[in-house]
Amino acid sequence: MLEKIADTLEKVRKNTPLVQAITNYVTIGDCANILLCFGASPAMVEAKAEVEQFVGMASALYINLGTLTGEQYEASILAAKKAAELGVPVVLDPVACGAIPRKIEIIKELFAAKAITAVKGNAGEIKALAGFGGKVRGVDSVDDGDNIIDACKSLAKQYNIIVAATGKTDVLTDGARTCLIENGTSLFTLITGSGCMVGALTAAAVGIAKDKFVGCAAALLAMSLAGENAEKSLEKPLPGSFHVKLMDSIYSLSRDDVIKRGKIKCM
Amino acid sequence: MLEKIADTLEKVRKNTPLVQAITNYVTIGDCANILLCFGASPAMVEAKAEVEQFVGMASALYINLGTLTGEQYEASILAAKKAAELGVPVVLDPVACGAIPRKIEIIKELFAAKAITAVKGNAGEIKALAGFGGKVRGVDSVDDGDNIIDACKSLAKQYNIIVAATGKTDVLTDGARTCLIENGTSLFTLITGSGCMVGALTAAAVGIAKDKFVGCAAALLAMSLAGENAEKSLEKPLPGSFHVKLMDSIYSLSRDDVIKRGKIKCM
Amino acid sequence: MLEKIADTLEKVRKNTPLVQAITNYVTIGDCANILLCFGASPAMVEAKAEVEQFVGMASALYINLGTLTGEQYEASILAAKKAAELGVPVVLDPVACGAIPRKIEIIKELFAAKAITAVKGNAGEIKALAGFGGKVRGVDSVDDGDNIIDACKSLAKQYNIIVAATGKTDVLTDGARTCLIENGTSLFTLITGSGCMVGALTAAAVGIAKDKFVGCAAALLAMSLAGENAEKSLEKPLPGSFHVKLMDSIYSLSRDDVIKRGKIKCM
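Keeping their order, the protein sequence lines are chains A, B and C.
Quick note: the first sequence, position 82, residue 82 per the working numbering, numbers continuous.
Quick note: the second sequence, position 3, residue 1003 per the working numbering, numbers continuous.
Quick note: the third sequence, position 202, residue 2202 per the working numbering, numbers continuous.
Warning: the hint list may mix true and false statements.
Stated by the list, open to error - In silico lysine-lysine, DSS-like type, Cα no more than 25 Å apart, as pairs:
1. B/Lys1168 x B/Lys1135
2. C/Lys2236 x A/Lys11
3. C/Lys2082 x C/Lys2157
4. B/Lys1212 x B/Lys1236
5. A/Lys260 x C/Lys2004
6. C/Lys2014 x B/Lys1168
7. A/Lys236 x A/Lys4
8. A/Lys236 x B/Lys1260
9. B/Lys1011 x A/Lys236
10. C/Lys2114 x C/Lys2210
11. B/Lys1108 x C/Lys2048
12. C/Lys2236 x C/Lys2004
13. B/Lys1232 x C/Lys2108
14. B/Lys1135 x C/Lys2265
15. B/Lys1236 x C/Lys2232
16. A/Lys4 x A/Lys263
17. C/Lys2108 x A/Lys48
18. B/Lys1236 x C/Lys2157
19. C/Lys2265 x C/Lys2108
20. C/Lys2260 x B/Lys1236
21. B/Lys1014 x A/Lys135
22. A/Lys232 x B/Lys1157
23. A/Lys168 x A/Lys48
24. C/Lys2135 x A/Lys11
25. A/Lys153 x A/Lys210
26. C/Lys2236 x A/Lys236
27. C/Lys2265 x C/Lys2210
28. C/Lys2048 x B/Lys1048
29. C/Lys2236 x B/Lys1236
30. A/Lys168 x B/Lys1014
31. B/Lys1210 x A/Lys236
32. B/Lys1014 x A/Lys236
33. A/Lys135 x B/Lys1135
34. C/Lys2157 x A/Lys14
35. B/Lys1260 x B/Lys1210
36. C/Lys2011 x A/Lys48
37. A/Lys153 x A/Lys212
38. B/Lys1168 x B/Lys1157
The set of hints was computed from the structure by calculation and includes no laboratory data.
Computed from a prediction, not measured in an experiment: that's the story for all the values here.
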């Protein structure tokens, strides 16, 4: 699996997938920047009048429900439906779906349109979506992660999608295959948008990978390893500096990092 | 007072107050990040359809009028009224109220709803609100700060709120008590959003402090001291580097910094 | 020309032009921050109800079409028309106009209102606007820059505006005068928003310069030289660190940098 992941990351850098994003305004700049660091081409195209036309040019569509304005709500539905029609993969980040009922509404609409390729959330969000009662505090998970593998599998099977739940251990499943990723750092919780950023990277990798499951694994592992490298590059674990180094580390992540230090266990 | 402030800052870190923010898109990411550095949990929930439900879970609501879209305008009113009903404290940042009449409109609506716990602005904004003719240049104060203490007191008494005016000397008053804070650095003027960030921190501290006045003082002093620490950590006073170090410095601010270096004079 | 440019940059720092911006949410914070680093005063005033009143106070208006919401669309038209009426210069950044037909629509409306002083885009965008068939990939130019000087001149003459096309070599023309700038760094392509940022700086310089053409040249050259300085200050070419150093470098750019290292060729 590590070889396949390393190949996928190289493929991203070589092919520069165009990732269209409809995403929250808190981390929209971070998502664009990290996509560039990853080797992808970000296009934050989210105006209702533009999304359907644009998605035909995109390698993948990333929908993040963070600060969902009225216009973004409508644009997300239009873009996702068009993407489904055209076979463009869609990655959904169900931000705060455990705390805000309106998010569930749009997620159901997206699922019903069979538009979603993969969902990436934190443990609390994924459990909430799967009906496993995830514990959230606003946009953060405070869930202990109990039963998270079962929750992911259940959600994956119910909608025939790939599901990724990030946390101390990342869980990835398409219902049949399941992988656990043990890399990462607690510093991710000190900055806003680590979740959004890995979601954007997932869209980039899924947009280029033949096997979408491997694409998801590549994005999750890259982010976790880059977090470790960023932490190691710091004298002290400080949030502002970590933020900068995280960008640097995604950009400079090497094949060796993946092969030698990747901790992924697949079943 | 310094002991009380240090206790409040520790209480924030221990209790992770959930701060709901309806804020401008220029510094929305910085506000979320600095809240995390401060020990709070940011939730930039501002969609009209979400704010009333969400504010019931929040420790405090921060309303910043910077880039007030049509949807944010309506959401701010809804959220503030609901917060008032539920007893959730609301901190208002009246960005550019001296230069843009529309801001005064919404501020009056918020005051009329008796929804505001504290207002934090620059000298020009506070004097404009108090009817003391503050001098502003766009979103910046170019006011000399003359009569600023009187302006703060007058505004505090008129609406029965806490008023904070930031500047070379920060002024804080609830009409009865008044404190002056002499810490800080001129580097704050080299980055956008220092004002927004201290406003967000004020919401966090007010959300957790029994004495809201002490909460406001804690946020103002923490920001000023962190600014000093950030400046000291730099070889040269450069804006990009200062921005990063400011985040680091809020995160690593110590009880000792507050007790030994805090310059607050209360009357 | 280098002396005139250095004078203009000093004039910006001395006079602090107020730049009103209606700009995309991806880099809105970066644009505000770099304007401060440049010595200007940013005001991201874009609410439909505010723009006309505010533009009367501004030294220049910057319109960037990146993430053009419905409200921003209407606000841009209103603000630009008012600016034209009042003689406030307007700099337009036609982001992604080669990929998204809706952008062309608003650009034509702005041109028709004779509201635009200068257009700054990448080679792909400018060629698309000039009808020279520019090659774009989402928001990025993948154009080889063939005929770019002719495209710039043609567009400048057609609408009687200044045209700047950024790239490895920056091209600037008002139809009569043409300058080429050879400074810069490839690191600009590793971060989002270099284009937006130089657009914002252009508005600042145009807002203060008697000769608007020199103003444009000053902004382009300052950005290119600051990019070089930022690159030189790094041990390794890494995007996150470059982003921070770019801000620092705009702030600390010296007259000497301009005079001794500026590579501008005017015809």
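Taking the hints in turn, this is what the structure says about them:
no.	hint	in the structure
1	B/Lys1168 x B/Lys1135	holds (15 Å)
2	C/Lys2236 x A/Lys11	holds (23 Å)
3	C/Lys2082 x C/Lys2157	holds (23 Å)
4	B/Lys1212 x B/Lys1236	violated (37 Å)
5	A/Lys260 x C/Lys2004	violated (56 Å)
6	C/Lys2014 x B/Lys1168	holds (21 Å)
7	A/Lys236 x A/Lys4	violated (34 Å)
8	A/Lys236 x B/Lys1260	holds (23 Å)
9	B/Lys1011 x A/Lys236	holds (23 Å)
10	C/Lys2114 x C/Lys2210	holds (19 Å)
11	B/Lys1108 x C/Lys2048	holds (20 Å)
12	C/Lys2236 x C/Lys2004	violated (34 Å)
13	B/Lys1232 x C/Lys2108	violated (51 Å)
14	B/Lys1135 x C/Lys2265	violated (43 Å)
15	B/Lys1236 x C/Lys2232	holds (16 Å)
16	A/Lys4 x A/Lys263	holds (14 Å)
17	C/Lys2108 x A/Lys48	holds (20 Å)
18	B/Lys1236 x C/Lys2157	violated (45 Å)
19	C/Lys2265 x C/Lys2108	violated (31 Å)
20	C/Lys2260 x B/Lys1236	holds (23 Å)
21	B/Lys1014 x A/Lys135	holds (19 Å)
22	A/Lys232 x B/Lys1157	violated (52 Å)
23	A/Lys168 x A/Lys48	violated (37 Å)
24	C/Lys2135 x A/Lys11	holds (23 Å)
25	A/Lys153 x A/Lys210	holds (22 Å)
26	C/Lys2236 x A/Lys236	holds (21 Å)
27	C/Lys2265 x C/Lys2210	holds (21 Å)
28	C/Lys2048 x B/Lys1048	holds (18 Å)
29	C/Lys2236 x B/Lys1236	holds (21 Å)
30	A/Lys168 x B/Lys1014	holds (21 Å)
31	B/Lys1210 x A/Lys236	violated (33 Å)
32	B/Lys1014 x A/Lys236	holds (21 Å)
33	A/Lys135 x B/Lys1135	violated (48 Å)
34	C/Lys2157 x A/Lys14	violated (39 Å)
35	B/Lys1260 x B/Lys1210	holds (24 Å)
36	C/Lys2011 x A/Lys48	violated (41 Å)
37	A/Lys153 x A/Lys212	holds (16 Å)
38	B/Lys1168 x B/Lys1157	holds (24 Å)
In the structure shown, a violation is registered for the earlier hints numbered 4, 5, 7, 12, 13, 14, 18, 19, 22, 23, 31, 33, 34 and 36, in ascending order.
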